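Number of protein chains: 2
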Amino acid sequence: MGELILIGMGLWDELDISIRGLDELKTADAAFIELYTSLMGKLSINKLAKLAGKTISVVDRHALEEENGRIILEKAKKTKTVLLVPGDPLIATTHVALRIQAEKEGIKTRVIHGASIMSAVMGLSGLHNYKFGKSVTIPFPQKDFISKTPYEVIKENKKLGLHTFCFLDINAEEKRYMRINEALEILLKLEEKEKANIITNKTLIVGVARAGSRKPAVKAGFLEDLLNYDFGKPPHTLIIPSELHFMEAEALIELARGPTAIRRFVK
Amino acid sequence: MGELILIGMGLWDELDISIRGLDELKTADAAFIELYTSLMGKLSINKLAKLAGKTISVVDRHALEEENGRIILEKAKKTKTVLLVPGDPLIATTHVALRIQAEKEGIKTRVIHGASIMSAVMGLSGLHNYKFGKSVTIPFPQKDFISKTPYEVIKENKKLGLHTFCFLDINAEEKRYMRINEALEILLKLEEKEKANIITNKTLIVGVARAGSRKPAVKAGFLEDLLNYDFGKPPHTLIIPSELHFMEAEALIELARGPTAIRRFVK
Numbered sequence: 001m002g003e004l005i006l007i008g009m010g011l012w013d014e015l016d017i018s019i020r021g022l023d024e025l026k027t028a029d030a031a032f033i034e035l036y037t038s039l040m041g042k043l044s045i046n047k048l049a050k051l052a053g054k055t056i057s058v059v060d061r062h063a064l065e066e067e068n069g070r071i072i073l074e075k076a077k078k079t080k081t082v083l084l085v086p087g088d089p090l091i092a093t094t095h096v097a098l099r100i101q102a103e104k105e106g107i108k109t110r111v112i113h114g115a116s117i118m119s120a121v122m123g124l125s126g127l128h129n130y131k132f133g134k135s136v137t138i139p140f141p142q143k144d145f146i147s148k149t150p151y152e153v154i155k156e157n158k159k160l161g162l163h164t165f166c167f168l169d170i171n172a173e174e175k176r177y178m179r180i181n182e183a184l185e186i187l188l189k190l191e192e193k194e195k196a197n198i199i200t201n202k203t204l205i206v207g208v209a210r211a212g213s214r215k216p217a218v219k220a221g222f223l224e225d226l227l228n229y230d231f232g233k234p235p236h237t238l239i240i241p242s243e244l245h246f247m248e249a250e251a252l253i254e255l256a257r258g259p260t261a262i263r264r265f266v267k
Numbered sequence: 268m269g270e271l272i273l274i275g276m277g278l279w280d281e282l283d284i285s286i287r288g289l290d291e292l293k294t295a296d297a298a299f300i301e302l303y304t305s306l307m308g309k310l311s312i313n314k315l316a317k318l319a320g321k322t323i324s325v326v327d328r329h330a331l332e333e334e335n336g337r338i339i340l341e342k343a344k345k346t347k348t349v350l351l352v353p354g355d356p357l358i359a360t361t362h363v364a365l366r367i368q369a370e371k372e373g374i375k376t377r378v379i380h381g382a383s384i385m386s387a388v389m390g391l392s393g394l395h396n397y398k399f400g401k402s403v404t405i406p407f408p409q410k411d412f413i414s415k416t417p418y419e420v421i422k423e424n425k426k427l428g429l430h431t432f433c434f435l436d437i438n439a440e441e442k443r444y445m446r447i448n449e450a451l452e453i454l455l456k457l458e459e460k461e462k463a464n465i466i467t468n469k470t471l472i473v474g475v476a477r478a479g480s481r482k483p484a485v486k487a488g489f490l491e492d493l494l495n496y497d498f499g500k501p502p503h504t505l506i507i508p509s510e511l512h513f514m515e516a517e518a519l520i521e522l523a524r525g526p527t528a529i530r531r532f533v534k
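From first to last, the protein sequence lines are chains A and B.
For the first sequence, this note's numbering assigns the number 1 to the initial residue and increments by one for each residue that follows.
For the second sequence, this note's numbering assigns the number 268 to the initial residue and increments by one for each residue that follows.
Hints may contain errors.
What the hints assert, rightly or not - Computed cross-link-like contacts, DSS-like style, restricted to lysine-lysine with a CA-CA straight-line distance of at most 30 Å: (1) B/K314 with A/K47; (2) B/K500 with A/K80; (3) B/K410 with B/K371; (4) A/K131 with B/K442; (5) A/K148 with B/K398; (6) A/K26 with B/K415; (7) B/K293 with A/K50; (8) B/K347 with A/K54; (9) B/K534 with A/K104; (10) B/K347 with A/K42; (11) A/K159 with B/K422; (12) B/K425 with A/K148; (13) A/K175 with B/K398; (14) B/K293 with A/K47; (15) A/K131 with B/K293; (16) A/K159 with A/K42; (17) A/K131 with B/K415; (18) B/K293 with B/K344; (19) A/K233 with B/K398; (20) B/K371 with A/K202; (21) A/K189 with A/K233; (22) B/K398 with A/K193; (23) A/K155 with B/K442; (24) B/K344 with A/K215; (25) A/K80 with B/K371; (26) B/K293 with A/K54; (27) A/K77 with A/K108; (28) A/K155 with B/K534.
Said to hold, decoys possible - A few chain A residues that don't get close to chain B, going by computed Cβ distances all over 12 Å: (29) L35; (30) A49; (31) L51; (32) V58; (33) D60; (34) A63; (35) I71; (36) I117; (37) L127; (38) P141; (39) E173; (40) E174.
Bear in mind the hints are in silico, worked out from the structure with no lab data behind them.
As the structure is a computational prediction, the values presented were derived from the model and not from experiment.
Cβ atoms here follow ideal geometry from the backbone N, Cα and C, with glycine treated the same way.
Hey, can you work out the whole structure from these sequences and the hints?
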């Protein structure tokens, strides 16, 4: 009897997998890895394979989505099969779809959790996690089309006094990873069109790059001051805070090197 | 020069720490652990200490909050000091406060992330993470007082078509961990008072117990059917979904053994 185990590898490199995850990998009969749903900054498949003493096969978007993970499911029917994924599994809908398909075919599934980018970035910012509203992805513009969803979500959250967590788009095939600066420019363009006075030069933002690494960049400030700030290598994420609790302002000043003027957002 | 490293231990037991986290623990000069901000179902401090070859000192709420972690900070001024925490660090505000205090005293700090209960439970439910609104904690009633905040948050989220993630209260000192059944009873009592028709016998709920363990309980259904359902040992968490995407309904049916009648929530 086979089984399928989804293992989250966490955020940065091959050392972010849990002891339990590595143990399951070591005892697997077949091991796959996907790296397109999220970017791990320094992951070496070779080093991970060496740690585990296993051969690890890369599966791409085509194999997982167009072919519905058939190559993985066929192995999992008969043998202990693991799929290694960036971050925490099942946050990407493609993992949920694979799990559903496996269960429908009578394959037992299990999940080994890993650190999640959303939780890590919320934590690094020092903002309170229960003050975040709906999250949103800022997608790359398609030719002349810019989705206004991020703008709408930020607007609705601000109305409710809630922070907005923005995932920035990635296109692993083309090795394109949206930077905080690009995301801010997109938001400014949306402001020009929508004119609801949501995104201005004085809007408070928090940028986080390379969460999970030894030296993540965590910087709070006004949009005009961070528009050209160099956050360094990807992955990047962005938070648009709303009103702040006193403790949140102190955290942004002390841990995210924000200007003391952000105390004016304390409500 | 000392430093303070906050290490997230993840969800279930001593094997949920990352390779990186264990490596930092192995090379620490002083190691502390706190276990009151969240419950890890099967953690053995002895086993973890053995894995790392270190003595680990437990710090309680009093040492961290009333004494502002002084015992930890004094060590961290001069030596490499780690504080092990359940889940992902900095989600508990007490960790953020400690980190701010350390930085103010000139102590360098770093964070090693761990799996977070919120991300894990969202993933296990199969619900889309960007469809969650503000999260909330359902606190134990204090004598006759029941906080109506959870009810208000669920109501606001539902209005916006968003799911609500409910943390259930824990009191580690008294070893009290709120169960899903208790949480549902509290919500029903709030409905009796507030009468906004938010929580009824036909309300869709998803209960998750022991996320991160080999056999988490993940069960979707109508409130009346789950009010007396035995989810087993803690920790428990609760999701009140709003409208469902087609894929979310399929996930709840296939992965959370929900009744097919929940397809009626698909919008």
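Hint check results:
1. B/K314 with A/K47: holds, 27 Å
2. B/K500 with A/K80: Satisfied, since the Cα-Cα distance of roughly 28 Å is no more than 30 Å.
3. B/K410 with B/K371: violated, 40 Å
4. A/K131 with B/K442: holds, 27 Å
5. A/K148 with B/K398: Distance ~17 Å between A/K148 and B/K398 Cα, so the pair holds.
6. A/K26 with B/K415: Distance ~49 Å between A/K26 and B/K415 Cα, so the pair is violated.
7. B/K293 with A/K50: holds, 21 Å
8. B/K347 with A/K54: violated, 34 Å
9. B/K534 with A/K104: holds, 24 Å
10. B/K347 with A/K42: Within the cut-off at roughly 25 Å; holds.
11. A/K159 with B/K422: holds, 16 Å
12. B/K425 with A/K148: holds, 22 Å
13. A/K175 with B/K398: holds, 27 Å
14. B/K293 with A/K47: OK: B/K293 and A/K47 at ~21 Å, within 30 Å.
15. A/K131 with B/K293: Given pair A/K131, B/K293 is violated - Cα atoms ~36 Å apart, limit 30 Å.
16. A/K159 with A/K42: Roughly 38 Å separates the two Cα atoms, so the pair is violated.
17. A/K131 with B/K415: Roughly 17 Å between the alpha carbons, so the hint for A/K131 and B/K415 holds.
18. B/K293 with B/K344: Since the Cα atoms of B/K293 and B/K344 sit roughly 19 Å apart, the hinted pair holds (cutoff 30 Å).
19. A/K233 with B/K398: holds, 29 Å
20. B/K371 with A/K202: holds, 27 Å
21. A/K189 with A/K233: Holds, because 24 Å separates the two Cα atoms, which is no more than 30 Å.
22. B/K398 with A/K193: The hint holds at about 26 Å.
23. A/K155 with B/K442: violated, 42 Å
24. B/K344 with A/K215: holds, 20 Å
25. A/K80 with B/K371: violated, 50 Å
26. B/K293 with A/K54: Holds. B/K293 to A/K54 sits at ~25 Å (cutoff 30 Å).
27. A/K77 with A/K108: holds, 9 Å
28. A/K155 with B/K534: At roughly 23 Å apart (the allowed maximum being 30 Å), B/K534 and A/K155 satisfy the hint.
29. L35: For A/L35, whose nearest Cβ neighbour in chain B is about 18 Å away, the distance exceeds 12 Å, so it holds.
30. A49: A/A49 is indeed farther than 12 Å from all Cβ atoms of chain B, at 14 Å.
31. L51: violated, 8 Å
32. V58: holds, 21 Å
33. D60: Correct as stated: the minimum Cβ-Cβ distance to chain B is 21 Å, above 12 Å.
34. A63: Check passes; 20 Å lies beyond 12 Å.
35. I71: holds, 21 Å
36. I117: violated, 9 Å
37. L127: violated, 9 Å
38. P141: Per Cβ check, A/P141 is outside 12 Å of chain B; nearest 19 Å; holds.
39. E173: Non-interface label stands for A/E173: nearest chain B Cβ at 22 Å, farther than 12 Å.
40. E174: holds, 23 Å
In terms of the numbered hints stated before, the structure departs from hints 3, 6, 8, 15, 16, 23, 25, 31, 36, 37, listed from lowest to highest.
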